[in-house]
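*Asks:* This is what each chain is made of:
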Amino acid sequence: MKTLTTNVIPPLQLQEITLTSRLVVGTGKYPDYETMQQALEESGCSAVTVAVRRERLVDDQGRSILDFIDCDKYTILPNTAGCFTAEDAVRVARLGRDLLEQLHNAGSSWVKLEVLGDKTTLLPDPVGTLDACKELVADGFSVMCYSSDDPIMATRIRDAGATCVMPAGSPIGTGRGIANPCAIQLCIELLKNPEHGGDPDYPVIVDAGVGTPSDVTVAMELGADGVLLNTGIAHATDPVQMARAMRLACDAGYYGFRSGRIPRKLHATASSPWNGSIAGE
Amino acid sequence: MITVNGTSHEYDKEISLKELLIKLKLATSLCAIEVNSELVSHTIRDEFTLQDGDTVEIVSLVGGG
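Taken in sequence, the protein lines are chains A and B. First residue of the first sequence? That's 5 in the numbering used here, and the numbers climb one at a time after it. First residue of the second sequence? That's 17 in the numbering used here, and the numbers climb one at a time after it.
Treat the hints as calculated values from the structure; they're not laboratory data. Cβ atoms here follow ideal geometry from the backbone N, Cα and C, with glycine treated the same way. Among these hints, one or two may not hold up.
Estimated spans, in silico, between C-beta atoms of each pair [said to hold, decoys possible]:
1) A/76 to B/60: 53 to 61 Å
2) B/44 to A/144: 23 to 31 Å
3) A/67 to B/70: 25 to 33 Å
4) B/71 to A/264: 57 to 65 Å
5) B/58 to A/183: 38 to 46 Å
6) A/180 to B/43: 40 to 48 Å
7) B/21 to A/13: 42 to 50 Å
No more than 30 Å apart at the CA atoms, straight line, and that leaves these computed lysine-lysine pairs for DSS-like [unchecked claim]:
8) A/123 to A/77
9) A/33 to B/29
10) A/269 to A/123
11) B/41 to B/29
12) A/196 to A/138
13) A/77 to B/41
Start from the sequences, fold in the hints, and give me the full structure.
*Replies:* What follows is the structure, encoded as structure tokens:
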């Protein structure tokens with residue numbers, strides 16, 4: 005039996021980017037920048053996502069979000085949130101790259117790709133996602149690709165050149181957790197198991213829908229390499245404390261997956277020996 | 017007339033992107049720029065001259081997931 009003798013979880017390597025934490029945390033929807041800053045710190049994350057927008061260059065006090073994100077500490081991953089076509093996603097990705105190049109940040113050649121299907125579900129448009137992924141990969145981007153939890157789609161995205169696939173636990177911002185654990189498990193199986201053409205080192209990060217720390221743990225127990233979340237922390241009553249809980253939950257799931265859980269069984273098996281019991285004799 | 021982030025601006029002479037940013041008080045802000053839906057790299061802003069009728073998008077980073 006292989007025993008984990010260290011309490012330091014190895015970093016997740018995404019090409020040249022080393023994620024010292026397996027949580028990637030979004031920077032949206034916090035009550036204020038100070039809370040966001042503390043929550044990011046408490047989450048232990050080393051990569052954060054941001055959006056590209058033409059409004060709100062500064063807040064009402066003249067402050068930018070970058071005043072509260074240490075660009076030397078965090079890898080900044082621009083997203084294409086809000087895009088409903090491949091064409092728009094590619095435009096936004098290029099704008100994000102230009103911004104990050106000015107910051108000399110490691111995330112400058114990266115994009116968290118989202119091409120959404122509609123505003124009600126915020127579910128990904130698979131055709132648009134695939135088209136944008138191909139174009140961005142051809143343009144030199146490392147693509148972290150948001151997807152549904154469809155296992156076949158996950159393999160198509162990998163085959164299109166995505167650096168990692170990020171299947172949704174449940175729709176963005178719903179807090180419903182891992183709605184279909186079997187689908188996530190199949191995504192991981194097809195992407196990582198050599199018997200199915202997978203690569204054990206191919207990164208799979210569960211993205212979206214996380215509401216509670218236990219959701220993070222479930223994702224990690226299924227074998228995900230990491231979890232990306234935003235609303236579950238930002239909209240918690242106490243975002244900073246929730247960020248800490250998410251960090252611990254991620255660690256718990258990481259160790260849990262590698263510890264070999266017991267099989268589920270129909271019938272009970274006693275933990276205490278029957279022999280020597282004075283009951284019922 | 018030049019449209020910047022959806023708003024029309026009239027300038028009496030041709031201006032560069034650099035000059036536009038100065039006029040908009042964004043010269044020192046981190047931003048990326050598209051002209052007519054094409055990215056204009058930050059490395060060539062100074063020499064990029066806008067034409068009448070151009071549509072400019074100026075964006076920056078905000079919180080997002």
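*Asks:* All the hints need checking, so say for each whether the structure fits it.
*Replies:* Hint-by-hint comparison with the structure:
1. Against the hinted window of 53 to 61 Å, the Cβ-Cβ separation of residue 76 of chain A and residue 60 of chain B comes to about 27 Å, which falls outside the hint.
2. The beta-carbon spacing between residue 44 of chain B and residue 144 of chain A, approximately 29 Å, falls within the hinted interval of 23 to 31 Å.
3. About 30 Å separates the C-beta atoms of residue 67 of chain A and residue 70 of chain B, a value consistent with the hinted range of 25 to 33 Å.
4. Separated by about 59 Å at the C-beta atoms, residue 71 of chain B and residue 264 of chain A satisfy the suggested range of 57 to 65 Å.
5. A C-beta distance of roughly 41 Å is found between residue 58 of chain B and residue 183 of chain A, which places it inside the suggested range of 38 to 46 Å.
6. Roughly 45 Å separates the CB atoms of residue 180 of chain A and residue 43 of chain B, a value that falls within the hinted 40 to 48 Å.
7. Between residue 21 of chain B and residue 13 of chain A the beta carbon distance is about 43 Å. The supplied range of 42 to 50 Å therefore holds.
8. Between residue 123 of chain A and residue 77 of chain A the alpha-carbon distance is near 33 Å, which puts this suggested pair outside the 30 Å criterion.
9. Between the alpha carbons of residue 33 of chain A and residue 29 of chain B the distance comes to roughly 41 Å, so the proposed pair goes past 30 Å and is violated.
10. Under the criterion of a C-alpha separation no larger than 30 Å, the hint pairing residue 269 of chain A with residue 123 of chain A is inconsistent with the structure, at around 42 Å.
11. Taking the CA atoms of residue 41 of chain B and residue 29 of chain B, the gap is about 18 Å. The hint holds against a cut of 30 Å.
12. Distance restraint check for residue 196 of chain A and residue 138 of chain A: the Cα-Cα separation of roughly 21 Å lies within the 30 Å cut-off, and the hinted pair is therefore satisfied.
13. Between residue 77 of chain A and residue 41 of chain B, the direct Cα distance comes to roughly 29 Å. Compliance with the 30 Å bound is thereby established for this hinted pair.
In the structure shown, a violation is registered for the earlier hints numbered 1, 8, 9 and 10, in ascending order.
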